[in-house]
Every structure is written in C-alpha cells, then in structure tokens.
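Novice: All chains, please: the whole structure from these sequences, using the hints.
Line order of the protein sequences matches chains Y and F.
Quick note on numbering: the first sequence equals residues 1 to 451 in full-length UniProt numbering.
Quick note on numbering: the second sequence equals residues 1 to 451 in full-length UniProt numbering.
One thing to keep in mind: the hints can contain errors.
Same chains, same label: a pair holds when it works inside one copy or across any pair of copies.
Stated by the list, open to error - Okay, derived cross-link-like pairs now, DSS-like style, lysine-lysine, Cα gap no bigger than 25 Å in a straight line:
#1 K166 / K143
#2 K412 / K389
#3 K306 / K389
#4 K67 / K55
By construction, these hints were calculated from the structure, which means they are not laboratory data.
From a predicted model like this one, the values you see are computed outputs, not experimental measurements.
There are 2 protein chains.
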Amino acid sequence: MVDIIKVKGLYSMCVRRHAPLLTTIERYYHAKHLRTSRMFPGLVSSPPTRQQVDKSSRSQFPETLCKSQKLMLQMGLIQGAAAGTFYTLPLLTRSLEKLKRVIDRTMQNIGAQKVTTPCLAPASIWKASDRWDVMGSELLKLKDRQEKDLCLAPIGRKFRDEMRPKNGLLRGREFEMKDLYTFDASLKEAEVSYNEVCEAYLQMFKELHLDIVKVEADSGAMGGSKSHEYQLISEIGEDTILRCTKCGTSISQELADSHPESKKCLQENCPGNWTETTGIEIAHTFLLGTKYSKIFKAQALLANNKVVDMQMGCYGIGVSRLLASAIEVLSTEEYIRWPQLLAPHQVCIISQQTGHFFEESLSIAESLQEELLSKSHLHNEVILDDRHKLSIGKRLIICEQFGFPYLIIVGKKVQEATPLFEFVDVYKGEKQFLSREQIVSRLSQIDTVVV
Amino acid sequence: MVDIIKVKGLYSMCVRRHAPLLTTIERYYHAKHLRTSRMFPGLVSSPPTRQQVDKSSRSQFPETLCKSQKLMLQMGLIQGAAAGTFYTLPLLTRSLEKLKRVIDRTMQNIGAQKVTTPCLAPASIWKASDRWDVMGSELLKLKDRQEKDLCLAPIGRKFRDEMRPKNGLLRGREFEMKDLYTFDASLKEAEVSYNEVCEAYLQMFKELHLDIVKVEADSGAMGGSKSHEYQLISEIGEDTILRCTKCGTSISQELADSHPESKKCLQENCPGNWTETTGIEIAHTFLLGTKYSKIFKAQALLANNKVVDMQMGCYGIGVSRLLASAIEVLSTEEYIRWPQLLAPHQVCIISQQTGHFFEESLSIAESLQEELLSKSHLHNEVILDDRHKLSIGKRLIICEQFGFPYLIIVGKKVQEATPLFEFVDVYKGEKQFLSREQIVSRLSQIDTVVV
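Specialist: Take a look at the structure:
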C-alpha cells in the first residue's frame with residue numbers, strides 16, 4: 001500500500017531558490033483519505049527548530065518577522081516570494097478559504113451581493129478622483145503594449161508598493177481584502193446601513209472569538225463624515241488607541257490629535273480615564289457621504305422624481321491580515337493557535353508507532369476516520385497522522401504545535417474489553433478516555449466551515 | 001414594508017462612465033430573503049432589448065462580441081472595465097464560485113492540495129527559464145519603487161497583454177485559471193498521475209454535461225513529451241480539430257501540421273476518415289518531463305539514496321473561459337442556458353401581479369421560499385420574483401431568459417380546494433401543476449453547489 005518517495009527541493013519551482021526549511025516530503029500513494037504523509041509540506045517530519053528558522057529567515061527576509069510569521073515559516077504554512085509577497089501553502093490556504101466563507105456568509109446575511117473587479121484598472125478612474133496622484137508611489141503603475149496607463153487596483157486583491165514591507169502577511173505588497181459599498185438615498189438611511197454593517201462585523205469577530213475593539217477614527221484620505229477602525233489588541237500593533245477605563249469608548253490617537261474635541265467631549269460624559277494601548281487594524285468602515293458619488297454621478301431617482309447624489313458607505317476587512325494577526329495574538333512562541341473555527345483541520349487521529357500493534361491500530365484509525373468523514377460537516381476535516389516512525393508522544397507534541405483542535409490517539413487501551421481512545425481537546429487543554437461512540441457523538445456537535 | 005428607491009447610474013463608481021444598460025435598480029428594504037427587487041442589477045425591470053445592447057456595446061467595446069457576451073451584458077451579468085477586463089456582477093459571480101467549488105472538489109478527490117501564489121512575481125523566475133523573453137510582450141511587466149523588475153504572473157489569476165482582446169471573457173487580458181502540478185520520481189509514475197488528472201477533468205466536464213473532447217496536442221512553448229487539449233466544440237472556436245469519424249480519436253490541426261506522422265500512424269490503425277471541426281480550448285494538460293525540474297533543481301531522493309530530477313506534469317483549466325464558453329454553446333440568441341448545476345439560483349418563485357389576489361399570493365410565496373431555504377442544499381438558491389408591476393406571463397419569459405432551472409408560479413390555482421402551483425422545469429421544457437408537498441419533495445432531490 002505504501003510507496004514512499006522522498007522529495008527534495010520540491011518548492012524550488014515556486015520559490016526560485018532551495019527552501020531550506022522544507023526540503024523533504026514523503027508521499028504515500030493510494031491512501032484513501034487525508035494523511036499527514038500526503039500533506040504538502042511540513043507535516044511529515046518534525047518541524048525545523050527555532051534556530052533553523054531564525055537562521056534561514058535572516059537570509060531570506062530583509063524585513064522584520066514577527067512571531068506568527070516565524071511560526072508560519074517553521075510549520076510550512078507560507079513561503080516567501082518577492083519582497084512583501086508570499087505563497088500560501090495548503091494548510092494556510094484552507095484556513096483562509098474558511099475565513100472567506102465566514103465573511104461571505106456574514107455579508108449574505110445582511111443582503112450584500114458579491115461582485116469581482118479586475119486587478120488591472122485603467123488610470124482614468126483613479127485620475128478622476130485625484131487618487132492617482134494622492135496615492136502616489138503606493139499605487140503600482142504599469143503601461144500595456146499600447147503604452148496606456150494602468151494600475152493594479154487597490155480594491156479586491158490589493159496591491160500596495162510598501163516602502164518597507166514587514167511582518168509578512170501583516171504588511172505586504174499584495175494582500176486580500178473584502179470590500180463592501182452601500183448606496184442610500186438619504187444620510188439617515190445611509191446611517192442605518194452603516195450601523196447594520198458595523199454590527200455584522202462585530203458579530204463575526206465575536207463568532208471567531210477575537211478581542212477586536214471598535215475605535216472611532218479619522219476618515220483620513222478617504223473622506224466622509226464618520227469612520228471606525230476595528231483593532232485587534234496586540235503588542236506588535238502599530239496603531240495607538242485611547243480607551244476609556246470606565247465606559248470602554250475607544251478613539252484612535254490620530255483622531256485625538258487631529259480633533260482634540262473628540263477626546264474632550266467624550267470625557268465630559270464619562271468619569272473614566274483614557275489609557276493607551278496598541279492594536280492591529282483589521283477592518284475599517286467609512287460613512288463617505290457624497291464625495292465619490294458626486295464625482296462619478298451615482299444618483300438616486302426618488303419616488304417624487306427628485307434626483308439626489310447617493311450617500312455612500314465603504315467597508316473593508318483585511319482578510320489575510322485578520323488571519324495572520326489572529327494567529328499572532330493567539331499563539332505562543334512554539335504553538336500555533338488559530339481562531340478555532342478556522343483551523344485547517346479540526347481533527348487529527350494518531351495511530352501507533354511501528355511495532356507489534358501497528359497494523360491493528362492503523363486499521364482502527366482508518367475506520368474511525370472514515371466514519372467521521374462521512375458526516376457532511378466533517379468533510380475533509382479529519383486527517384490521520386501516519387508518521388509511524390515517530391512515537392505517539394512526539395507526534396502529539398507536533399500536532400499540538402500545529403493547533404489541530406481535537407486529537408484522537410489510538411493507543412493501547414483500544415485493545416481492552418471496552419476499547420477506549422485518548423481524546424484531547426487542545427484548545428481547552430483537556431484529556432480524557434472516550435469510547436468510539438462518545439467520540440463520534442462529541443465531534444458531531446462541533447462547528448465547522450466546509451471548504 | 002416596501003420602501004422603493006430607484007438608483008440611477010449606480011455602476012458609475014465602478015465603470016468610469018454611465019452604464020446605459022443598467023441605469024435603474026429598485027431596492028426593497030426589510031425583505032427577509034432574496035428577492036429580485038434586491039438583486040443588483042438587471043432583475044428589476046425587463047432586460048434591455050437586443051438593439052439597445054448592440055448599440056451600447058458598439059460604443060463600449062472596440063473588439064468583437066460573441067453571443068454569450070452580448071447576453072451577459074444584456075442580462076447584467078458583466079460590465080466592461082478596461083479593454084479586455086470585466087467586472088463580474090452578482091449572478092455571474094455566484095455561478096463562477098459554484099464552478100470553483102466543483103473544481104476544488106474534483107481536485108480534492110484526487111488528493112491535490114491547494115496553494116495560492118501572488119500575482120506580483122519577481123522577474124528572476126521568468127528569466128531563469130528564458131520565459132521572460134519567450135513570452136515577450138504578452139507578459140505584463142512593471143517596476144516597483146526600487147526600480148526592480150516584476151511581472152504579473154501568468155499563474156493563478158492570469159494576465160496576458162492580448163494584442164486584440166475579444167469575445168469578452170473568452171479572450172481577455174485578465175482571467176482566472178485553476179492550475180495543478182504533479183511531481184513524480186519516475187516517468188512511469190508521472191504517467192499514472194497524468195492519466196489520473198486527465199480522467200478527473202473528463203469526469204468533471206461530464207458532471208457539467210459539457211461536450212468536451214480530449215484532443216492530442218502539440219506541447220508548444222511549454223515543452224514536454226505529451227499534451228492534450230480539452231476542446232468544447234463550438235462554431236466560434238478558434239482551434240481546428242481533426243476527429244476520426246470511426247474511432248473518435250482527435251488531434252489538433254497544429255499537431256497534424258508539425259508532426260504529420262501523428263495523423264498518419266493513427267489512420268493506419270483505424271479505417272475512419274478525418275473530419276474538421278472547431279473548438280474552444282477549455283483546459284490543457286502537459287506531461288512536462290524534467291524541463292523545469294532541471295532548471296529549478298526539483299529533485300527526488302529515492303529509497304536507494306539515488307537523486308533524480310522530478311518528472312513533472314502541469315494542468316490548467318480556464319475557469320472563467322469554461323463558464324463563458326459553456327454559456328456560448330448552450331444558449332440561444334435570447335435565452336441564457338447555464339450548465340444546470342452552475343445556474344446562479346436554481347429556483348425562482350413568481351407571485352401574482354398587483355391586484356386583488358396580490359397580498360395572499362405573496363404571502364404563500366414567502367412561506368414556500370422559507371420552507372425551501374431551510375433545506376441546507378438550497379441555501380440561497382431560492383429567489384422570489386416580486387416585480388409585481390409586471391404580469392406573471394412577462395416575468396415568466398424574463399426568468400426563462402435568465403435560465404433559472406426551476407420556476408414556481410403562485411397563480412390562481414392555489415386558491416382551489418387542493419392548492420396547486422404551476423411548476424416549470426425550464427431545462428426540460430416541462431410544465432405541470434403540483435401540490436406544495438410535491439414541489440418540496442421534487443426540489444429536495446436536485447443537485448446543487450452551496451456557495
């Protein structure tokens with residue numbers, strides 16, 4: 001059944017250099033379901049040590065790398081490409097697709113409809129709103145074969161020629177955003193739409209168990225009358241936030257500087273004090289008013305035949321940044337922790353090490369995997385860790401490092417009269433022995449995002 | 001409940017000009033579920049006439065437009081952006097997402113794993129394989145703020161500076177592809193992988209009921225020992241295919257020209273004759289051998305410690321092209337037909353026109369919609385056509401033009417002792433009266449792709 005091939009330098013097709021961290025992968029053919037031995041890459045052998053990662057990343061990345069970025073390199077979740085751009089490898093790609101499904105669902109629930117816009121955009125749009133010059137050298141510009149000016153649109157998949165890309169996915173030159181625009185005929189209705197979207201954002205962050213704070217912010221270059229940032233509290237965050245110790249109201253340092261009255265008037269209504277903290281900006285919402293609708297003539301024809309400029313709202317979530325910064329905040333130096341719903345695979349089954357009980361244990365693991373996979377909400381969620389040259393203990397540590405939420409160990413106790421499995425709830429830090437029926441019942445109830 | 005706003009020129013934010021086809025949209029707030037009146041755009045009023053589309057497209061598009069492209073403009077499925085690039089609007093976006101899910105599922109089933117690659121790529125990769133020069137001006141090149149050479153990578157989301165973009169999504173400057181690479185340690189194993197992928201492609205095309213022919217082809221600039229194109233037979237296709245009348249073997253005209261023996265030797269084994277037909281290339285597979293693995297040192301370390309260059313296969317499906325050309329082939333001049341599984345919404349319920357039975361009919365329609373939507377496979381699949389200023393007959397024609405597979409009319413017969421609905425299976429051309437239970441049971445069995 002197993003036909004092992006070790007592959008060296010498999011990544012070089014993608015990465016224009018040998019990838020020192022990820023040199024070896026084994027493939028087992030004919031495995032019916034997902035196994036660690038079929039994963040690409042990084043799940044076969046133990047992850048490289050922290051020292052290896054540090055040494056390798058110093059030569060690859062001139063920019064600073066934060067904790068989550070080092071972890072992602074160590075675990076084979078990303079691979080650097082050009083400066084400020086990254087390949088996302090299978091595990092991270094799965095997690096990102098889950099996040100996109102969660103965002104899609106949230107947006108569908110408030111009646112938003114999805115469109116896609118091309119990356120290549122004619123210069124004329126950006127010139128009409130003066131943003132060709134305002135955005136300056138941050139805009140990546142190019143000419144086509146007819147010498148026409150184009151730019152890589154900073155909407156949808158976003159491009160930004162960062163002066164100093166750093167922290168990997170947190171501040172890259174190419175990243176993914178979810179954008180949303182609302183159009184209303186009056187400011188009052190636009191405010192209703194605005195609040196509905198803000199509420200949906202907060203609800204979604206809550207569903208992901210992320211401590212994200214809504215912060216009153218400066219509208220900056222975008223313009224408009226009202227704006228909020230959604231900040232994930234983190235030491236490595238570059239934005240300073242002022243939070244009231246009493247009522248929890250938060251405003252950005254920028255806003256406090258440019259409009260000191262915003263700080264004062266809030267304080268008058270509340271006896272609390274302002275404390276400083278730092279955050280990573282995950283999302284931003286703007287009540288734009290008519291700034292862009294005037295320029296581009298987005299007008300509404302009312303029932304009374306009056307024509308008015310549309311009141312716009314614009315809203316963005318940094319998709320890759322959300323995931324990267326969530327990992328940054330939730331993980332330790334050695335253990336990746338995902339927002340649990342977004343872990344690439346929810347369940348990992350670990351069978352015995354090579355030895356006298358090996359075959360039977362593998363067969364029980366396969367049968368359990370098959371039963372679990374047959375449930376539609378566990379589609380592709382259950383992988384089998386068949387690195388049977390490594391001890392169960394060693395694999396347990398590696399799987400905990402990868403942050404799979406539920407681990408099932410097919411150990412010696414499955415040979416007893418009442419077969420028992422060791423069941424680990426990694427995120428709760430609980431271990432217990434459960435029967436097969438109890439495991440199936442427990443995992444029938446977990447939330448998943450099918451991708 | 002209904003609070004109508006007519007919106008003029010809503011598109012101008014996106015399209016840098018007024019969109020003459022899509023000037024009016026009505027929004028009903030507080031509608032709990034999907035309604036035509038909430039769709040953006042095109043579902044509210046009747047579609048524009050063919051003459052309006054022709055007139056408008058002549059001014060917007062210097063390039064030729066084929067049937068499917070005109071239909072998509074007419075129905076508000078796409079909107080032109082810069083030359084050779086398009087906005088995909090909500091209905092088409094849904095359909096494309098369904099196609100991507102089908103492709104993902106197909107690829108997962110053969111054990112493929114998904115990675116994403118950045119659009120921005122350093123010149124060095126393309127220079128190493130000489131493709132920077134070979135691809136020449138088809139490659140979109142740019143410089144960053146450090147004056148470093150970059151290109152928009154022709155992998156993943158693909159960019160190609162077409163000399164003459166035409167037929168909209170069929171030959172654009174920016175389009176989406178699904179790529180796949182296989183790596184094996186020996187040619188024999190690589191051939192097994194190659195055949196497995198080809199088989200999966202054909203199986204998927206069959207699932208979509210598309211008449212796609214596997215054609216032996218020239219490897220061209222890609223190199224390698226074996227290659228096949230997957231051609232959708234169509235009059236507007238630009239590729240000439242030779243098909244044997246007897247055994248069905250197909251080879252590309254290019255291959256027959258460059259390697260006349262490929263034609264001869266096949267004919268020797270079969271008494272059939274070659275006939276010429278034209279097709280649209282939807283996918284291409286290459287058994288590449290070691291051409292790229294040699295350059296980039298993608299090597300395998302075998303069990304006997306021997307190091308060999310990997311045998312590569314490379315495979316691509318034109319995602320947006322597949323959908324556009326399927327629509328081209330399946331549609332008439334006036335009626336869009338999708339691969340049924342990929343229709344943006346499977347079911348449309350049409351309630352009564354404004355009049356004495358209006359309220360009751362709408363309430364029955366809403367309740368039926370709610371019951372259907374509660375089934376997980378019908379998530380977001382059921383829309384309610386509430387354009388109640390239009391007669392049922394008029395809306396029936398429009399819905400048939402849009403190609404929703406199943407229509408349910410809440411007509412006078414729901415007032416009878418045994419309430420009956422008119423049920424239309426659009427793709428089979430069948431109409432019948434069914435009870436509510438019969439409809440629910442019938443629609444419980446349809447195949448859908450949840451997005």
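Novice: For each hint, tell me whether it holds in the structure or not.
Specialist: Comparing the hints with the structure gives:
| no. | hint | verdict |
| --- | --- | --- |
| 1 | K166 / K143 | between (28 Å within a copy, 20 Å between copies) |
| 2 | K412 / K389 | within (17 Å within a copy, 72 Å between copies) |
| 3 | K306 / K389 | between (76 Å within a copy, 22 Å between copies) |
| 4 | K67 / K55 | within (14 Å within a copy, 58 Å between copies) |
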